[in-house]
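Asker: Here the protein sequences come in this chain order: B and G. Taking the UniProt record's numbering, the leading residue of the first sequence gets 1, the next gets one more, and so forth. Taking the UniProt record's numbering, the leading residue of the second sequence gets 1, the next gets one more, and so forth.
Simulated from the structure, these hints should not be mistaken for lab results. Just so it is clear, the structure is predicted and the values come from calculations on it, not from any experiment. Check the hints yourself; a few may be wrong.
Below are the PhoX-like pairs computed for lysine-lysine, each with C-alpha atoms no more than 25 angstroms apart in a straight line [as the list claims (entries may be wrong)]:
(1) K217(B) <-> K203(G)
(2) K181(G) <-> K203(G)
(3) K99(B) <-> K8(G)
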Amino acid sequence: MHSIPGRRLIMGLFLVFLLLPIYWLVNMSFKTNAEIVSTMTLWPHSPTLQHYKRIFTDESWYSGYINSLEYVVLNTIISISVALPAAYAFSRYRFLGDKHLFFWLLSNRMAPAAVYALPFFNLYSAIGLFDTPWAVALAHCIFNVPLAVWILEGFVSGVPREIDETAFLDGYSFPRFFIRILVPLIASGIGVAAFFCFMFSWVELLLARTLTSVQAKPIAAIMTRTVSAAGMDWGLLAAAGVLTIIPGALVIWFVRNYIASGFALGRV
Amino acid sequence: MDKTINQKAWFLVLPVFLVVAFSAVLPLMTVVNYSMQDTFGNNQFFWNGVGWFKELLDPSTDLGGRFLASLGRNLFFSMVILAIEVPLGIVVALSMPRQGWTVAACLVILALPLLIPWNVVGTIWQIFGRPDIGLLGYVLNHIGLDYNYVSNDIDAWVTVIVMDIWHWTSLVALLCYAGLKSIPEAYYQAAQIDGASRWAVFKAIQLPKMNRVLLIAVLLRFMDSFMIYTEPFVVTGGGPGNSTTFVSIELVKIALGQFDLGKAAALSLVYNLIILIVCWIFYTVMTNAGVERKVQAESEPAVEPKPSAALKPVPALKPKEGVA
Chain B
1 MHSIPGRRLI
11 MGLFLVFLLL
21 PIYWLVNMSF
31 KTNAEIVSTM
41 TLWPHSPTLQ
51 HYKRIFTDES
61 WYSGYINSLE
71 YVVLNTIISI
81 SVALPAAYAF
91 SRYRFLGDKH
101 LFFWLLSNRM
111 APAAVYALPF
121 FNLYSAIGLF
131 DTPWAVALAH
141 CIFNVPLAVW
151 ILEGFVSGVP
161 REIDETAFLD
171 GYSFPRFFIR
181 ILVPLIASGI
191 GVAAFFCFMF
201 SWVELLLART
211 LTSVQAKPIA
221 AIMTRTVSAA
231 GMDWGLLAAA
241 GVLTIIPGAL
251 VIWFVRNYIA
261 SGFALGRV
Chain G
1 MDKTINQKAW
11 FLVLPVFLVV
21 AFSAVLPLMT
31 VVNYSMQDTF
41 GNNQFFWNGV
51 GWFKELLDPS
61 TDLGGRFLAS
71 LGRNLFFSMV
81 ILAIEVPLGI
91 VVALSMPRQG
101 WTVAACLVIL
111 ALPLLIPWNV
121 VGTIWQIFGR
131 PDIGLLGYVL
141 NHIGLDYNYV
151 SNDIDAWVTV
161 IVMDIWHWTS
171 LVALLCYAGL
181 KSIPEAYYQA
191 AQIDGASRWA
201 VFKAIQLPKM
211 NRVLLIAVLL
221 RFMDSFMIYT
231 EPFVVTGGGP
241 GNSTTFVSIE
251 LVKIALGQFD
261 LGKAAALSLV
271 YNLIILIVCW
281 IFYTVMTNAG
291 VERKVQAESE
301 PAVEPKPSAA
311 LKPVPALKPK
321 EGVA
């Protein structure tokens, strides 16, 4: 791959631009509130873990992380399992209304969450799922299922048709072929799709906040509590923010080799 | 690849159809229902016909004025960030190291902002930009710039735009990088033999190869910036005044803040319709581009991919049937 002159400098500057605000957040999470408000220091002069300790010992704080992970994992499982057969169908067959169906799915990925906030609230209250992880997991399906179908369709299309035909000639039934042959072949594609479902469900807040009140409140909504009568608890807010970055960073590390082709949705 | 016609494939699609229909069609029906009615509370509704829509599209009314103003702001915002993020993303992708551990390191750092919850992105920039406790605000104020995103319109806009660049340029860069990686080394060698300049290599080899991923990038960036809510809401709360109130923020204000269900529903439908139209245009362009690429790949393998084929008016999806 051929690069451009001065590429090291450009890359370096861009990475600094990306990391500087994150550094500032990390920096603040280790300072005491007195230090944050009174002086401008580039690194914590009296480093403290008090904010992190508070989050890990106070149940109303750490339960937020558990709630968030719960609906994110649920959503990823639902999205991938319904999207797999559909991706195969879109990749291999033509059927009545396939193009329209695909476009309709895609258009839901683009629908603004703000439009659905209120109707979702009514819908999930009516069926008694309000304030459970299921409500958020199902609500996030509206943009994650189409995305998963889109990504997986690209990967299934990369599997030669002959493999299907040989398997069927060998007497494989459809479900058995699907689980024993196709799924292992597109394992990296499933990984990429799961990564994206995780990502978009993890970063979304508007729906997650609207559909929960006490029991299933995500960490992102709990963070707003740091505003109190006594002013902002900046250190605590920063520490909570740092802790929301960590799961994402871990997931990126696992998929780092597939990340580029993954972002192209298997369609380069 | 040729596809066989098989109506039974509907059974494979059915789960997806049911899940998405449950979360998309049912709520949308509620919205349509509300958009035609008025309420004075207590769950009593009155038929209002297209009254809300008339008001919505008439700039002289309160609702219409607010909607059209936020729509204008939102379109301007989307254009600005596209104009900055797409070229910057290409440059960053071209600056990626070639091999070694630095590649993985760069990829991980690039992807990092994409996996931060959107309200935390807002929080990061809220803290970073504050003149009293934020590095950026502090430094800017100390070199003599009067920077304060809470009280100054322009500062608020700059903050929101820089935040979006920080948040999403990586997506464009990663997409372009994936496109660049798929170019065989032989193309570059051929270009070298021909004595092609750096710019010619970019225009004739790299840009055409990135066409398709760039289209995805523009589509995703336009859509996501058009429905942006959380980040500006956390940083500026739509202010100062209404200067950074985008369509989604206005909508949530009306729907969940004032509980004006009819107005909110009418706004939702028009908003959704705009998105649907833009999405359809992109989808058509994209399917056409994909078909042309396939035809090209089959007829002339390993020939320099000139974009000239894109000019041929190939009707959508025709070649697929022809191959079958």
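Asker: Looking back at the hints listed earlier, which ones does the structure fail to meet?
Answerer: As far as the earlier hints go, only 1 is violated by this structure.
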